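Chemist: Going down the list, the protein sequences come from chains A, B, C and D.
Residues in the first sequence are numbered consecutively from 1, following the UniProt record's numbering.
Residues in the second sequence are numbered consecutively from 1, following the UniProt record's numbering.
Residues in the third sequence are numbered consecutively from 1, following the UniProt record's numbering.
Residues in the fourth sequence are numbered consecutively from 1, following the UniProt record's numbering.
Calculated directly from the structure, the hints in this document are not laboratory data.
If you're wondering where the values come from, they're calculated on a predicted model, not measured in any experiment.
The beta carbon of each residue, even a glycine, is placed where N, CA and C say it ideally should be.
Among these hints, one or two may not hold up.
Taking CB as the label site, the calculated pair distances span [unchecked claim]:
1. D:His123 <-> B:Ala35: 25 to 35 Å
2. D:Gly37 <-> A:Ala31: 54 to 64 Å
3. A:Ala31 <-> C:Ala140: 24 to 34 Å
4. C:Lys2 <-> B:Ala35: 26 to 36 Å
5. D:Asp10 <-> A:Lys53: 45 to 55 Å
6. B:Arg40 <-> D:Arg81: 47 to 57 Å
7. C:Arg81 <-> D:Asp10: 34 to 44 Å
Computed footprint of chain D on chain B; a stretch qualifies when at least three of its residues, placed anywhere within it, have a C-beta under 8 Å from a C-beta of chain D [stated by the list, open to error]:
8. 17-30
9. 40-47
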Amino acid sequence: MLNIVYFAWVREGVGRDGEQVERPAPDATVADLVAMLAARGGGYAQVLGDPVKLRAAIDQRFVPLDTVIGAAGEVALFPPVTGG
Amino acid sequence: MLNIVYFAWVREGVGRDGEQVERPAPDATVADLVAMLAARGGGYAQVLGDPVKLRAAIDQRFVPLDTVIGAAGEVALFPPVTGG
Amino acid sequence: MKRVSIQPQDFDVAAELAALEALGGGGVASFTGIVRGEGGLIALELEHYPAMTQAQVDRIVDDALARWPLLGVSVIHRFGRLEPGARIVFVGTASRHRTAALESCAFLIDWLKSHAPFWKKEHFDAGAPRWVDARAEDAAKAQGWGL
Amino acid sequence: MKRVSIQPQDFDVAAELAALEALGGGGVASFTGIVRGEGGLIALELEHYPAMTQAQVDRIVDDALARWPLLGVSVIHRFGRLEPGARIVFVGTASRHRTAALESCAFLIDWLKSHAPFWKKEHFDAGAPRWVDARAEDAAKAQGWGL
Chain A
1 MLNIVYFAWV REGVGRDGEQ VERPAPDATV ADLVAMLAAR GGGYAQVLGD PVKLRAAIDQ
61 RFVPLDTVIG AAGEVALFPP VTGG
Chain B
1 MLNIVYFAWV REGVGRDGEQ VERPAPDATV ADLVAMLAAR GGGYAQVLGD PVKLRAAIDQ
61 RFVPLDTVIG AAGEVALFPP VTGG
Chain C
1 MKRVSIQPQD FDVAAELAAL EALGGGGVAS FTGIVRGEGG LIALELEHYP AMTQAQVDRI
61 VDDALARWPL LGVSVIHRFG RLEPGARIVF VGTASRHRTA ALESCAFLID WLKSHAPFWK
121 KEHFDAGAPR WVDARAEDAA KAQGWGL
Chain D
1 MKRVSIQPQD FDVAAELAAL EALGGGGVAS FTGIVRGEGG LIALELEHYP AMTQAQVDRI
61 VDDALARWPL LGVSVIHRFG RLEPGARIVF VGTASRHRTA ALESCAFLID WLKSHAPFWK
121 KEHFDAGAPR WVDARAEDAA KAQGWGL
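Given the sequences, and given the hints that come with them, work out the whole structure.
Modeler: In structure tokens form, the structure reads like this:
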């Protein structure tokens, strides 16, 4: 299983701050995961349907969305950070 | 009469923090005043004999040593400022 | 001295500065960020990614320590609901000379304001709350430091 | 808010910062200069030109107010005999945005450290006291601001 965590309006849109999903294929990228989640429709489609607005982290490190998830433990999806 | 004030090692060299002198000629510069004072010899000659090391102010404004004193009320002679 | 704290509660700027002043350096620089109450704002809600924030701030402080000869760094960042006038963030740096203290302080606050994993939601006296957009200006400033 | 004080006694950094924080701006930057106790230094004696200092510091603060959108500036400079660890100078600036606060703080301290009419005499635990020479480095930094 793979942990996903959501922040800010992504969290509000999907209606939860995190969840566990089946681990995607070994060569799946963050963008693939986002597309898979957006396909659920509803709030997921609304906030994850336009990946240009999204940023991601794998195991607490910022990554581009085309990064392969591989054996990572946690993927985070969120809007661009706005700092302090 | 013209007020002169001294600071830092200039003050220590001349042995006083200020004095009044006869007002110099209308076209006299600060450098002329310095030369006149240095001619007294002793501590005056020691600290005022090398004008390159000196800075000056006329009526509380920094000026180059070739500035004409004119009708000014106060000339200050001191080393380059070292700030706070 | 290195101190990093991500916390909901307010902090004591005087105590932070006193600790930095006691390190024997010639200069202490600081920046304190405060919630502005403009445009009918009644509260700012700061959300962060706890597992990431502390580690990332730690790392950027290490970068600053590698880049400037610093005797001490203190970074405090609050999260949660903050009202106008409340302190959000504090950066304090101590060094033998002022330039290192001032530059590293600016570097750290630029990073915190642009790259730190925080998201801000603005609540107004009228109308719906809204999430603040990332500002291109901040990103440009951080790039100036090679971030 | 504009506050300039040239004084022999110590000052309360927390009180200065609190006044700046209360102005409604988003950021307060500060720099505090402290006497370093290196090389056997036991005291620093600061002499100044009283008739000139207050007027000149006033003027450079006005320059800063003209150059950056500031809500407040506080400058305190001590004179007299100061021992290692003692505060010498404080600059605090408040603005809506951090860049104005940080830049104006750096501008003011660079000016104070290079152009303000102060002279420093160092007293050591052994040997004669000596007057500190003006530093070319400081003058160069001030020139960077067009001073």
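Chemist: That 26 to 36 Å hint for C:Lys2 and B:Ala35 (C-beta), does it hold up?
Modeler: Check failed, 58 Å falls outside 26 to 36 Å.
Chemist: When you take the CB atoms of D:Asp10 and A:Lys53, is the distance between them in 45 to 55 Å?
Modeler: 53 Å, holds
Chemist: How does the region 17-30 of chain B fare against chain D when you require at least three residues with a CB closer than 8 Å, holds or violated?
Modeler: Contact hint for the region 17-30 of chain B vs chain D: violated, 0 residues under 8 Å.
Chemist: Closer than 8 Å, Cβ to Cβ, for at least three residues: run that test on the region 40-47 of chain B against chain D and report holds or violated.
Modeler: violated (count 0)
Chemist: Between D:His123 and B:Ala35, does the C-beta distance stay in 25 to 35 Å?
Modeler: 33 Å, holds
Chemist: Quick one: are A:Ala31 and C:Ala140 within 24 to 34 Å, going by C-beta?
Modeler: 26 Å, holds
Chemist: Check the following: the C-beta atoms of B:Arg40 and D:Arg81 are separated by a distance inside 47 to 57 Å.
Modeler: Since B:Arg40 and D:Arg81 have Cβ atoms about 31 Å apart, the given range 47 to 57 Å is violated.
Chemist: Could you see if the CB distance from C:Arg81 to D:Asp10 stays within 34 to 44 Å?
Modeler: Because 37 Å falls inside the window, the suggested range holds.
Chemist: Regarding D:Gly37 and A:Ala31, is the given constraint of 54 to 64 Å on their beta-carbon distance met?
Modeler: 58 Å, holds
When the structure is compared with the earlier hints, violations turn up for hints 4, 6, 8 and 9 and for no others.
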